[in-house]
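A.B. asks: Residues per chain, in single letters:
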Amino acid sequence: MSADMKTPLAKVRGHGAAGSGVHHHIAARVSAIILALVTPIFLYGLLTAFPDGYDGLVDWLSGPVGAFSAIAFIGAGLYHGRLGMNEVILDYLGGSLRTVCLLANTLACLGFGLIGILSILKIWLGA
Amino acid sequence: MSAGWNDKRPMAPHLSVWKWHPTMLSSILHRMSGIILYFGVIKLCIFAASLAAGPDGFDMLEGIIYSPLGVLSCFVACGLLIYHLLNGIRHLVWDAGKGFDPVRSNQISLAIIAAAGLIAALITFWIVGALS
Numbered sequence: 000m001s002a003d004m005k006t007p008l009a010k011v012r013g014h015g016a017a018g019s020g021v022h023h024h025i026a027a028r029v030s031a032i033i034l035a036l037v038t039p040i041f042l043y044g045l046l047t048a049f050p051d052g053y054d055g056l057v058d059w060l061s062g063p064v065g066a067f068s069a070i071a072f073i074g075a076g077l078y079h080g081r082l083g084m085n086e087v088i089l090d091y092l093g094g095s096l097r098t099v100c101l102l103a104n105t106l107a108c109l110g111f112g113l114i115g116i117l118s119i120l121k122i123w124l125g126a
Numbered sequence: 000m001s002a003g004w005n006d007k008r009p010m011a012p013h014l015s016v017w018k019w020h021p022t023m024l025s026s027i028l029h030r031m032s033g034i035i036l037y038f039g040v041i042k043l044c045i046f047a048a049s050l051a052a053g054p055d056g057f058d059m060l061e062g063i064i065y066s067p068l069g070v071l072s073c074f075v076a077c078g079l080l081i082y083h084l085l086n087g088i089r090h091l092v093w094d095a096g097k098g099f100d101p102v103r104s105n106q107i108s109l110a111i112i113a114a115a116g117l118i119a120a121l122i123t124f125w126i127v128g129a130l131s
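Same order as they appear, the protein sequences are chains Y and R. Sequence positions in the first sequence follow numbering that gives the first Met the number 0 and run 0 to 126. Sequence positions in the second sequence follow numbering that gives the first Met the number 0 and run 0 to 131.
It is worth saying that the hints were derived from the structure and are not from the lab. Watch out, some of these pointers could steer you wrong.
As a list, the in silico DSS-like pairs of lysine-lysine whose alpha-carbon atoms are at most 25 Å apart [stated by the list, open to error]:
1) LYS7(R) with LYS10(Y)
2) LYS42(R) with LYS121(Y)
3) LYS7(R) with LYS18(R)
4) LYS7(R) with LYS5(Y)
I would like the entire structure built from these sequences, with the hints used as guidance.
C.D. replies: Right under this line is the structure:
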C-alpha cells in the first residue's frame, strides 16, 4: 500500500472556507478600527478624571464625550474581546470544556457589557 | 492539552520548539495582552457599576484604586492596552500586505514594546504626580 504523500494543505486547497472565517476576520478588524479611534479619547478622559476621585469620574461620564467614548470602548472592546477569546478557546481547549468555555465567553461579554453600559447610561442620564 | 483534545498536530504557538526572536515575542505578547485586557474590560464594567451605585458604592473600591497596587495596575493595564493598540495597528498594516520585511519587522516589534512601556511609564508618573 502506498503512503499518502499529500500534505493537509494540498487536500483542502480549492475547497473554500470551512465556515464563518471571513466574517470572524472582518468583524475583528472592524471592531479593531473602532477601538483604535476610541481608545485614545477614552483613555485621556479616564486618566484626567481619575485623580479627582468619585466627583471627577462622574463629571466625566456625565458629559457626552465621556459617556460616548466609554460606551463605545466597552461595547467594541467586549465584542472584539469575545472574538479573540473564542479563538484562544478553540486553539487550546477540546471536548465539553470547549463548549462550556465558548458559552461562558458569550454570556460574560453580554452580561458584563450590559452592566457597564447601563451603569454609564444611568450616570449620563441622571446628571 | 485538555480532555477531549484529539488533534495529533502540534499545538500553536510551539513555545518549546521556536527560536525566540522579536516578532515571535510580539505575537505572543499580543495574544497575552489581549487575554488580560479582556478581563480588564470586564473589571471596567464592574468599576462603572460601582460608580453608578453612588459615592457609597465607589467607597468600596476607592481604597484599592488609590493605593500602590492601584498605581502598579495602572502601569500594567496602560502598558498592555497601548501595546495591543500599537501592535493591532501593525496587524492592520500587515492585512494591507505591507511590512513583512524580516529585519524591519524585528526592529518595529522592539520599538512597539519599548514605546508601550515608555508611554505607560509616563502616564503612571503623571498619575502619581496628580494624586499626591
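A.B. asks: Against this structure, judge whether each hint is valid.
C.D. replies: Hints and how they fare:
1. LYS7(R) with LYS10(Y): Holds - the C-alpha atoms of LYS10(Y) and LYS7(R) are around 17 Å apart, at most 25 Å.
2. LYS42(R) with LYS121(Y): holds, 18 Å
3. LYS7(R) with LYS18(R): Roughly 22 Å separates the two Cα atoms, so the pair holds.
4. LYS7(R) with LYS5(Y): holds, 17 Å
Taken one by one, the earlier hints all hold for this structure without exception.
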